[in-house]
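Take these sequences, add in the hints, and give me the full structure.
Protein chains: 2
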Amino acid sequence: MIVDGLQYGFLGREAFAGLRAGGVGCITATLGFWEGAVEALDAVARWRDFARVFTDVFALARSGGEVRAIAGSGRVAVLPGFQNASIFEGRIRFVELFAELGVRVVQLTYNNQNELGGSCYEAADAGLSRFGREVVREMNRTGILIDLSHVGERTSLDVLRQSERPVAVTHANAASFVAHPRNKSDALLKALAAAGGVIGCAAHRHLAGERAAASLEAWCEMVKRTVEIAGIDHVGIGTARGHNSSPGELDWMRMGRWTRNLDYGAGSAAKPGLQPPADWLRELREFAALPEALGRAGFTAAEVDKLTHGNWLRLYDAVFASR
Amino acid sequence: MIVDGLQYGFLGREAFAGLRAGGVGCITATLGFWEGAVEALDAVARWRDFARVFTDVFALARSGGEVRAIAGSGRVAVLPGFQNASIFEGRIRFVELFAELGVRVVQLTYNNQNELGGSCYEAADAGLSRFGREVVREMNRTGILIDLSHVGERTSLDVLRQSERPVAVTHANAASFVAHPRNKSDALLKALAAAGGVIGCAAHRHLAGERAAASLEAWCEMVKRTVEIAGIDHVGIGTARGHNSSPGELDWMRMGRWTRNLDYGAGSAAKPGLQPPADWLRELREFAALPEALGRAGFTAAEVDKLTHGNWLRLYDAVFASR
Chain D
1 MIVDGLQYGF LGREAFAGLR AGGVGCITAT LGFWEGAVEA LDAVARWRDF ARVFTDVFAL
61 ARSGGEVRAI AGSGRVAVLP GFQNASIFEG RIRFVELFAE LGVRVVQLTY NNQNELGGSC
121 YEAADAGLSR FGREVVREMN RTGILIDLSH VGERTSLDVL RQSERPVAVT HANAASFVAH
181 PRNKSDALLK ALAAAGGVIG CAAHRHLAGE RAAASLEAWC EMVKRTVEIA GIDHVGIGTA
241 RGHNSSPGEL DWMRMGRWTR NLDYGAGSAA KPGLQPPADW LRELREFAAL PEALGRAGFT
301 AAEVDKLTHG NWLRLYDAVF ASR
Chain L
1 MIVDGLQYGF LGREAFAGLR AGGVGCITAT LGFWEGAVEA LDAVARWRDF ARVFTDVFAL
61 ARSGGEVRAI AGSGRVAVLP GFQNASIFEG RIRFVELFAE LGVRVVQLTY NNQNELGGSC
121 YEAADAGLSR FGREVVREMN RTGILIDLSH VGERTSLDVL RQSERPVAVT HANAASFVAH
181 PRNKSDALLK ALAAAGGVIG CAAHRHLAGE RAAASLEAWC EMVKRTVEIA GIDHVGIGTA
241 RGHNSSPGEL DWMRMGRWTR NLDYGAGSAA KPGLQPPADW LRELREFAAL PEALGRAGFT
301 AAEVDKLTHG NWLRLYDAVF ASR
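Each protein sequence line maps, in turn, to chains D and L.
Just so you know, the first sequence maps onto residues 1 to 323 in this note's numbering.
Just so you know, the second sequence maps onto residues 1 to 323 in this note's numbering.
To be clear, the hints were calculated from the coordinates, so they are not data collected in a lab.
To spell it out: a stretch of chain D is covered by chain L in this simulated footprint if at least three of its residues, at any positions, have a beta carbon under 8 Å from a beta carbon of chain L; those stretches are:
{"id": "1", "segment": "90-100"}
{"id": "2", "segment": "120-130"}
Here are a few chain D residues that sit away from chain L, every Cβ distance over 12 Å (derived from the structure):
{"id": "3", "residue": "54"}
{"id": "4", "residue": "55"}
{"id": "5", "residue": "66"}
{"id": "6", "residue": "176"}
{"id": "7", "residue": "186"}
{"id": "8", "residue": "187"}
{"id": "9", "residue": "209"}
{"id": "10", "residue": "210"}
{"id": "11", "residue": "214"}
{"id": "12", "residue": "224"}
{"id": "13", "residue": "225"}
{"id": "14", "residue": "242"}
{"id": "15", "residue": "243"}
{"id": "16", "residue": "249"}
{"id": "17", "residue": "288"}
{"id": "18", "residue": "310"}
Virtual Cβ for every residue (Gly too), placed ideally from N, Cα, C.
Next comes the structure, spelled out in structure tokens:
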């Protein structure tokens with residue numbers, strides 16, 4: 001069974017069938033990037049309707065136990081996630097409400113600084129703010145997993161010091177493997193591991209680099225390198241695989257409402273557009289090759305289990321149980 | 001004529017009569033502290049209704065010319081202001097809309113970091129963010145005066161480097177006179193002056209200190225000290241005089257929706273409550289003593305004119321004209 005720490009875009013019946021054919025039993029789905037509270041409620045409600053329509057292929061999960069049960073029934077368990085704490089709209093009391101409505105993963109900042117902390121794309125990062133400290137405490141209490149994937153390094157280190165529950169980098173890689181503002185320093189990965197957290201290795205072309213995007217073997221080498229840094233208990237999969245996003249949706253992910261100008265997000269002027277998935281993940285059923293490829297890279301069967309699902313499930317149990 | 005760079009609270013007919021009796025011809029009124037866009041629209045609309053009811057004592061002003069005309073007619077000109085760029089809700093395109101609806105002064109951050117920059121009460125300040133840079137450019141273009149009063153030092157210095165229009169510290173004092181996180185370093189005041197800006201000296205008890213709050217003479221000494229730092233063309237009045245605020249409104253100003261815990265804002269555990277106005281400003285008609293007291297402190301008549309209204313009007317002309 002594979003647990004994928006982050007996927008985004010529109011997943012229809014075909015996508016869920018593809019994921020199941022690939023052995024994927026759980027994904028964290030991105031329900032929003034720049035959204036405020038009402039838009040986030042809209043997205044939660046829309047996914048509830050999707051779940052009613054696609055009841056035979058997926059279900060929304062609220063706990064590690066529910067993930068196991070849904071995956072065990074041959075469907076995909078979806079953990080609702082947001083890539084921005086903008087959904088709380090600066091209100092400490094909204095954290096509890098979104099937790100109760102089933103939101104399980106929230107990234108503290110997306111591409112820009114917000115009222116909680118700094119982002120990996122800002123020139124500087126002042127660390128976790130006064131409100132940020134309140135939200136970390138409240139997410140701990142209400143059982144929402146804190147995601148640091150796009151968060152700035154200093155804010156991330158502050159979170160790792162303060163959080164009473166382990167946290168996640170759902171989709172990124174080691175910056176020592178591919179230098180990119182979105183990837184994480186060895187120091188951060190070690191601190192994440194020391195705090196019991198998990199990093200989901202990304203298959204996203206910008207984050208994994210062309211070599212690891214071109215071959216599953218090279219990507220598994222990258223996972224191995226990440227395990228050397230963070231340890232076998234602290235690495236998982238977080239492909240950042242997209243589904244059916246239009247150029248307009250890509251623009252929304254990058255520019256939201258914060259600029260009238262062009263922003264390339266994780267891309268660049270040289271690579272401005274929507275990037276295709278990794279060559280070995282063009283079809284979702286290709287997920288199925290992953291466990292064996294990790295084995296060929298030298299991991300034991302028990303280690304492959306940790307990397308493909310065990311570490312995520314341990315983290316989900318530790319965080320969601322705190323509700 | 002006196003122009004006051006900041007007052008807050010509920011001003012009824014009596015307050016406006018008191019201000020006129022004190023020779024005050026213009027105030028910037030605070031319409032909000034933590035509000036989002038819709039709440040800000042509510043406040044703008046409410047003040048339009050106030051202006052319809054109290055048409056004989058005040059009017060909303062959109063330009064330096066309108067300030068002069070309204071004050072010349074024996075009424076108080078009110079410039080609508082907000083103490084937080086939260087009113088834009090992260091949307092660059094909202095700046096233009098609020099400008100068009102008459103908002104003339106917006107503080108980039110209130111007491112907490114937001115998506116634009118750092119606040120004076122945060123442990124650290126990373127400077128103006130990516131969105132902050134966009135908003136400064138847009139406020140310049142649309143003719144909204146940038147207020148740095150509660151903004152962190154590093155963000156403020158970034159603004160002073162970037163802004164193509166002079167900016168304001170509407171209500172604060174020199175930190176070298178009273179050490180308080182809300183007061184401004186000599187370096188910042190000199191940079192503000194070099195960029196053509198104005199600081200409004202505050203009569204607020206926490207910011208002016210007990211001595212300057214106890215005597216108008218001591219407060220005028222503080223103004224003199226501020227002029228020594230920033231220069232005679234860059235100092236004005238920004239009392240931060242409140243009107244009819246309840247304890248509940250004080251709690252809103254301090255805690256908004258960002259914490260369930262106690263926060264004292266500019267106060268402290270030792271001085272937790274709503275502070276009374278400066279001893280020499282308990283009644284609004286006492287503003288009338290200010291010009292003469294500045295004269296007794298050694299300022300010439302022309303200098304007193306600059307301090308009491310000339311510098312603010314010059315700034316308003318320079319900023320609002322850019323629309």
